[in-house]
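*Asks:* Could you build all of it, start to finish, from the sequences and the hints given here?
Protein chains in written order, with this note's numbering: chain E, 1 to 184; chain Y, 1 to 79.
I should point out that these hints are in silico values taken from the structure, not numbers from a laboratory. Heads up, a few of these hints could be off.
Listing some non-contacts, in silico: residues in chain E with all C-beta distances to chain Y over 12 Å [said to hold, decoys possible]: (1) D56; (2) A59; (3) T72; (4) S79; (5) E133; (6) R134; (7) H160.
Facing chain E, according to a computed beta carbon distance under 10 Å, are these residues of chain Y, among others [unchecked claim]: (8) A12; (9) P46; (10) E56; (11) I73; (12) P74; (13) G78.
Which bits of chain E does chain Y cover? Going by a derived footprint, with three or more residues having C-beta under 8 Å, they are [said to hold, decoys possible]: (14) 80-90; (15) 106-118; (16) 144-157; (17) 162-171.
Even glycine gets a Cβ: it sits at the ideal position worked out from N, Cα and C.
Residues per chain, in single letters:
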Amino acid sequence: MTPVQAMAGRAAEAGPQAPPIPPARPASVASVASVPTVAIVEGPIDVDALVRAVGDPGAGATVLFLGTVRETNEGRAVSGIDYQAYAAMAEREMRVIADEAASRFRTRALAVHHRVGHLAVGVPSVAIAAAHERRAPAFDAARYVIEQLKRRVPIWKREHYVDGTREWVDPTGGAVDRTPGELA
Amino acid sequence: MTLTVLLFASYADALGRRELDVQVGPGATVGDLVARIRAGGHDRLPPRPLVAVNQEYAAYDRVLATGDEVALIPPVAGG
Numbered sequence: 001m002t003p004v005q006a007m008a009g010r011a012a013e014a015g016p017q018a019p020p021i022p023p024a025r026p027a028s029v030a031s032v033a034s035v036p037t038v039a040i041v042e043g044p045i046d047v048d049a050l051v052r053a054v055g056d057p058g059a060g061a062t063v064l065f066l067g068t069v070r071e072t073n074e075g076r077a078v079s080g081i082d083y084q085a086y087a088a089m090a091e092r093e094m095r096v097i098a099d100e101a102a103s104r105f106r107t108r109a110l111a112v113h114h115r116v117g118h119l120a121v122g123v124p125s126v127a128i129a130a131a132h133e134r135r136a137p138a139f140d141a142a143r144y145v146i147e148q149l150k151r152r153v154p155i156w157k158r159e160h161y162v163d164g165t166r167e168w169v170d171p172t173g174g175a176v177d178r179t180p181g182e183l184a
Numbered sequence: 001m002t003l004t005v006l007l008f009a010s011y012a013d014a015l016g017r018r019e020l021d022v023q024v025g026p027g028a029t030v031g032d033l034v035a036r037i038r039a040g041g042h043d044r045l046p047p048r049p050l051v052a053v054n055q056e057y058a059a060y061d062r063v064l065a066t067g068d069e070v071a072l073i074p075p076v077a078g079g
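*Replies:* Below, the structure is given as structure tokens:
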């Protein structure tokens with residue numbers, strides 16, 4: 001017996017007060033998993049699902065931004081990047097940023113997923129989808145989210161270089177919180 | 001009170017661990033906690049790392065309470 005038949009069986013036994021059983025949804029729809037609008041994910045980012053998550057008939061523009069692992073950084077050949085996150089805080093902070101963007105740019109919907117783990121060159125590490133009636137604010141909202149994410153969300157990356165070395169990336173160049181020679 | 005401090009990325013590497021139990025007195029601030037960690041032999045940490053309390057960035061004069069979730073936040077580099 002399939003799960004749907006099992007449910008139908010239970011509902012029928014519940015008596016005349018049981019609500020009518022909704023028709024089964026077509027398999028093509030039922031098999032599409034919905035995704036949260038904000039998430040730290042450990043597997044590949046489902047870009048199609050992210051775009052669906054901001055689907056809105058009132059939107060005339062949906063901007064999709066993908067951040068991907070680049071093969072060089074500051075002149076060094078990169079073979080891959082380890083991403084680490086303080087997941088609970090990162091999701092909380094991404095939600096705050098998405099809310100800010102929504103009120104600033106009046107987006108109809110916004111979604112942002114960031115991946116953690118070891119990613120090879122070319123693989124998406126972050127995806128942002130922004131939907132709006134018009135294209136200009138959709139672009140602005142996606143831009144706002146990525147810029148703020150890079151500044152505020154507790155996610156870190158350790159670059160692996162082709163020469164076999166690896167290093168945590170510090171966009172502050174050590175200026176913010178480090179005195180010379182403190183951290184190896 | 002004893003607070004468990006979460007460590008990430010370069011700070012976790014510098015201290016060789018992902019968590020640290022730190023004993024502080026009542027009324028201790030975030031600044032007191034950082035000073036205590038550094039005085040406890042962890043001077044490989046920078047003098048004023050970013051700190052989060054209960055998953056929000058916190059000022060150094062923030063007073064800590066039992067059960068607070070504290071984390072040291074290395075310079076972030078998402079994207």
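*Asks:* Confirm or reject each hint.
*Replies:* The hints, checked one at a time:
| no. | hint | in the structure |
| --- | --- | --- |
| 1 | D56 | 26 Å, holds |
| 2 | A59 | 25 Å, holds |
| 3 | T72 | 16 Å, holds |
| 4 | S79 | 17 Å, holds |
| 5 | E133 | 27 Å, holds |
| 6 | R134 | 26 Å, holds |
| 7 | H160 | 14 Å, holds |
| 8 | A12 | 8 Å, holds |
| 9 | P46 | 4 Å, holds |
| 10 | E56 | 8 Å, holds |
| 11 | I73 | 5 Å, holds |
| 12 | P74 | 6 Å, holds |
| 13 | G78 | 3 Å, holds |
| 14 | 80-90 | holds (count 7) |
| 15 | 106-118 | violated (count 1) |
| 16 | 144-157 | holds (count 10) |
| 17 | 162-171 | holds (count 4) |
When the structure is compared with the earlier hints, a violation turns up for hint 15 alone.
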